[in-house]
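Asker: Could you put together the complete structure from these sequences and hints?
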Amino acid sequence: MTAHISTWMPKTARPLWRTPSGIEAECGGACACATCHVYVDEQWTAVVGEPEAMEEDMLDFAYDVQPNSRLSCQIKVRDALDGLVVRVPERQG
Amino acid sequence: MTITRTDVIIVGAGPVGLFAVFELGLLDLKCHLIDILDRPGGQCAELYPEKPIYDIPGWPSISAQGLVDKLLEQIAPFRPEFTFGRMVSSLEGLGDGGFRIVAEDDEVFEARAVVIAAGGGSFQPKRPPIPGIEAYEGGSVFYSVRRMEDFRGHDLLVVGGGDSALDWTLNLQPLAKRVTLVHRRPEFRAAPDSVNKMQALRDANLLDLRIGQVVGLAGRDGRLASATIKGPDGEIEIPCTRMLPFFGLTMKLGPIAEWGLDLHENLIPVDTEKFETSVPGIFAIGDISWYPGKLKLILSGFHEAALMAQAAKRLVSPGERIVFQYTTSSTSLHRKLGVPD
Numbered sequence: 001m002t003a004h005i006s007t008w009m010p011k012t013a014r015p016l017w018r019t020p021s022g023i024e025a026e027c028g029g030a031c032a033c034a035t036c037h038v039y040v041d042e043q044w045t046a047v048v049g050e051p052e053a054m055e056e057d058m059l060d061f062a063y064d065v066q067p068n069s070r071l072s073c074q075i076k077v078r079d080a081l082d083g084l085v086v087r088v089p090e091r092q093g
Numbered sequence: 001m002t003i004t005r006t007d008v009i010i011v012g013a014g015p016v017g018l019f020a021v022f023e024l025g026l027l028d029l030k031c032h033l034i035d036i037l038d039r040p041g042g043q044c045a046e047l048y049p050e051k052p053i054y055d056i057p058g059w060p061s062i063s064a065q066g067l068v069d070k071l072l073e074q075i076a077p078f079r080p081e082f083t084f085g086r087m088v089s090s091l092e093g094l095g096d097g098g099f100r101i102v103a104e105d106d107e108v109f110e111a112r113a114v115v116i117a118a119g120g121g122s123f124q125p126k127r128p129p130i131p132g133i134e135a136y137e138g139g140s141v142f143y144s145v146r147r148m149e150d151f152r153g154h155d156l157l158v159v160g161g162g163d164s165a166l167d168w169t170l171n172l173q174p175l176a177k178r179v180t181l182v183h184r185r186p187e188f189r190a191a192p193d194s195v196n197k198m199q200a201l202r203d204a205n206l207l208d209l210r211i212g213q214v215v216g217l218a219g220r221d222g223r224l225a226s227a228t229i230k231g232p233d234g235e236i237e238i239p240c241t242r243m244l245p246f247f248g249l250t251m252k253l254g255p256i257a258e259w260g261l262d263l264h265e266n267l268i269p270v271d272t273e274k275f276e277t278s279v280p281g282i283f284a285i286g287d288i289s290w291y292p293g294k295l296k297l298i299l300s301g302f303h304e305a306a307l308m309a310q311a312a313k314r315l316v317s318p319g320e321r322i323v324f325q326y327t328t329s330s331t332s333l334h335r336k337l338g339v340p341d
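Chains as they are written, first to last, in my numbering: chain S, 1 to 93; chain C, 1 to 341.
Keep in mind that the hints were calculated from the coordinates and are not lab data. These figures come from a predicted structure and were not determined experimentally. Be a bit skeptical, because a hint or two may be false.
[Stated by the list, open to error] Here are some, though not all, of the chain C residues that point toward chain S, as calculated from beta-carbon distances under 8 Å:
no.	residue
1	Leu-47
2	Tyr-48
3	Lys-51
4	Gly-120
5	Lys-126
6	Pro-129
7	Gly-160
8	Gly-161
9	Arg-184
10	Glu-187
11	Arg-189
12	Phe-247
13	Met-251
14	Ala-311
[Stated by the list, open to error] Here are the computed lysine-lysine pairs in the DSS-like style, where the Cα-Cα straight-line distance is at most 30 Å:
no.	chain 1	residue 1	chain 2	residue 2
15	C	Lys-30	C	Lys-336
16	S	Lys-76	C	Lys-126
17	C	Lys-126	C	Lys-296
18	C	Lys-30	S	Lys-76
19	C	Lys-336	S	Lys-76
20	C	Lys-51	S	Lys-76
21	C	Lys-336	C	Lys-252
22	S	Lys-76	C	Lys-296
Think of the CB as a built atom: it goes at the ideal place given N, C-alpha and C, for glycine as much as any other residue.
Answerer: In structure tokens, the structure reads:
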């Protein structure tokens, strides 16, 4: 599944009104679970950037982690990400 | 059989379950809380204890654990009882209008009312994404250690990079035939001291450390024989007769789904006057409850607890007049709270 970022990316704000299927975001966007795991499209990895240490720690709990894995709650929405494509893993956690 | 009897059983000892003790206590109802975790606080204590919460009224910022500590202090005058480390399994109605709840290890509780404050459900160990792992669970694959002796003489694979993984690697290393620790990356979340001890054992060739992910298991009749680990340099198969994966916890509604309550997408619909479920005498508050406009906020759960308590009181003490009082001015509430006159 792919989605347009501005419509749904969970920010660290509750409630998550529009979490799409495939993103559970159990902890509500606090980088405290690993259920909003996404694969960033290869054309976008440089723009999106690398996870910080805390996010890497949480990624240990995610399913089928790849080099382009991120927790979507830790991707700050900004203009440069307009049109971003991410894919959701087969399952969360 | 010992039966614990109380006025109200609260399933879940998160912030909302804890505050329910306060509201029920003001109305003279005694509470017993049951939680699958080993301490109070629910998600606040388990998922994000050190993170600040900014939307608790009166607290511009308070850490999740700080909030739990304050709630425990606030409800202490009502002497709530707790059962930790047990998942509730069954619930049945008793002929006299009360309820009986059975928890793991056949612990039995009876009460006049039940409050489900179970948040996102019960925390259970996550099953790692390894094809066919179910077949070995309970025989060769375990998510916790009940008896260390069960691991003596085995080729043990510990998977994970946190404290549980490191602690059990170190504790079982002297008993096991050989311990292999597998982690996705060279950095560990566990306490540095444990990581240093593990690395010293590896340097002395007393255990193996492999960076990678377990991608396959082999064995027969539920007995594990080997595991395939995929690392930066490709795949390797190692002997493995016991496995301990530590992939964190996930939340599942669990047996509550079997209690015959109406459900709405794994949430429990309630009315907004009493916060009662489709079964009279069973209430639901906090994140697990659902009604039009519901917000999953701690502060909403506090409000729900206050209204639920009024309804629970009417149920437990039918006919008794409930006098609405303020804690600021009521000397009778002061006595309950242990406030000196």
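Asker: Are the hints correct? Go through all of them and say.
Answerer: Hint check:
For Leu-47 of chain C, the interface hint holds, the least distance from its beta-carbon to any beta-carbon of chain S being 4 Å, beneath 8 Å. Given the 8 Å rule on beta carbons, the hint for Tyr-48 of chain C holds: about 4 Å separates it from the nearest Cβ of chain S. Contact between Lys-51 of chain C and chain S, as hinted, is supported at the beta carbon level, the nearest pair being about 6 Å apart and thus within 8 Å. Interface restraint check: Gly-120 of chain C against chain S, minimum CB-CB distance 6 Å, threshold 8 Å, status holds.
The interface hint given for Lys-126 of chain C holds, since its Cβ lies 6 Å from the closest Cβ of chain S, which is under the 8 Å cut-off. Nearest Cβ of chain S to the Cβ of Pro-129 of chain C: about 5 Å, under the 8 Å cut. The hint holds. Contact between Gly-160 of chain C and chain S, as hinted, is supported at the beta carbon level, the nearest pair being about 7 Å apart and thus within 8 Å. Because the closest C-beta pair between Gly-161 of chain C and chain S is about 5 Å apart, less than 8 Å, the hint holds.
Checking Arg-184 of chain C against chain S: minimum C-beta separation of about 6 Å stays under 8 Å; hint holds. Residue-level restraint check for Glu-187 of chain C holds (minimum Cβ-Cβ distance to chain S is 7 Å; threshold 8 Å). With 8 Å as the threshold, the beta carbon of Arg-189 of chain C comes within range of chain S, its nearest partner Cβ sitting at about 5 Å, so the hint holds. A least Cβ separation of about 6 Å between Phe-247 of chain C and chain S falls short of the 8 Å threshold, and the interface hint therefore holds.
For the restraint placing Met-251 of chain C at the interface with chain S, the shortest Cβ-Cβ distance is roughly 6 Å, inside the 8 Å limit, so the hint holds. Taking 8 Å as the C-beta cut-off, the interface hint given for Ala-311 of chain C is violated, the closest approach to chain S being about 26 Å. Only pairs whose Cα atoms come within 30 Å are accepted, and Lys-30 of chain C paired with Lys-336 of chain C is accepted, the gap being roughly 12 Å. Between Lys-76 of chain S and Lys-126 of chain C, the direct Cα distance comes to roughly 28 Å. Compliance with the 30 Å bound is thereby established for this hinted pair.
Note on Lys-126 of chain C and Lys-296 of chain C: the hinted pairing holds, with a Cα-Cα distance of about 24 Å set against a maximum of 30 Å. Restraint check: the Cα-Cα separation between Lys-30 of chain C and Lys-76 of chain S comes to about 46 Å, which exceeds 30 Å; the hinted pair is violated. Only pairs whose Cα atoms come within 30 Å are accepted, and Lys-336 of chain C paired with Lys-76 of chain S is rejected, the gap being roughly 48 Å. Distance hint between Lys-51 of chain C and Lys-76 of chain S is fulfilled; the C-alpha atoms sit about 18 Å from each other, no more than 30 Å.
Straight-line distance between C-alpha atoms of Lys-336 of chain C and Lys-252 of chain C comes to about 36 Å, which puts the hinted pair past the 30 Å bound. Between Lys-76 of chain S and Lys-296 of chain C the CA atoms are separated by roughly 22 Å; this keeps the pair inside 30 Å, and the hint holds.
In summary, the structure is inconsistent with hints 14, 18, 19, 21 from the numbered list given earlier, while agreeing with the others.
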